[in-house]
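Got chain C sorted already, so can you dock chain U onto it with the hints?
As given, the protein sequences belong to chains C and U, one line each in that order. Take 1 as the starting number for the first sequence in our numbering and just add one per residue. Take 1001 as the starting number for the second sequence in our numbering and just add one per residue.
Honestly, the hints are just simulated from the structure, not real lab data. Among the hints, erroneous ones may be present.
These stretches of chain U come out as covered by chain C in the derived footprint (C-beta under 8 Å, 3 or more residues) [said to hold, decoys possible]:
(1) 1029–1042
(2) 1048–1061
Distance ranges between label pairs, derived from CB positions [unchecked claim]:
(3) C:Ala-1 / U:Pro-1008: 32 to 40 Å
(4) U:Thr-1112 / C:Pro-79: 37 to 45 Å
(5) U:Ser-1065 / C:Asn-30: 29 to 37 Å
(6) U:Glu-1082 / C:Gln-45: 29 to 37 Å
(7) C:Pro-18 / U:Leu-1083: 41 to 49 Å
Just so you know, these numbers come straight off a predicted model, no measurement behind them. Glycine included, each C-beta is placed from N, C-alpha and C at the ideal position.
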Amino acid sequence: AQSVAQPEDQVNVAEGNPLTVKCTYSVSGNPYLFWYVQYPNRGLQFLLKYITGDNLVKGSYGFEAEFNKSQTSFHLKKPSALVSDSALYFCAVRDASGTYKYIFGTGTRLKVLA
Amino acid sequence: EAGVTQSPTHLIKTRGQQATLRCSPISGHTSVYWYQQALGLGLQFLLWYDEGEERNRGNFPPRFSGRQFPNYSSELNVNALELEDSALYLCASSSDRGGIDTQYFGPGTRLTVL
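Just chain C, same shape as in the assembly (with noise of 0.2 Å):
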């Protein structure tokens, strides 16, 4: 079965320094993978993904993220966190069957600092 998971609810980071969101992901055939950004009381904002060719993918806002297939993640990253960063991440797997789901892993709320 497609699974994604995010295995921290939480995450805190002082500003100014660099930021990792982890995900993982379980998918049969080749992953396509998303992440997405909710600010309060807002829909989804689209950051960036990966379909097929470099590792590392850039996104919107200064963010990035590392596709690794051996370890099955696909974490964000930026190099110098905002405060105004401060929201909750969603990883998202499109599923390969055939049905075209897309499977969202719980989110990530992500804290910085000042």
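For chain U alone, kept in the frame of chain C given last:
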């Protein structure tokens, strides 16, 4: 270009009533997805419509239903409302049929069942 829009923003109903939520996709997008985001549960896939047809549904009872209109807008209907239906309902659209294109989300409808 206008993004995905949803109405109403908030909806308050009582147990046993019916709720109707509406979504207008980005112009040119033919696929519409519905998700339920209940507190602490992440995003749960509800329904996927494409070209006017229901293509897939998540693990929800039949009282959750919907439709897609010829202009690709969509309605989500929830019958016989229960307290646990209280959640943020998110709509997303994409331009290809369950392919690898990005889903873009609306701001959501907050449904409260009293």
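Ascending list of hint numbers which this structure does not respect | Hint check: nothing fails, all pass.
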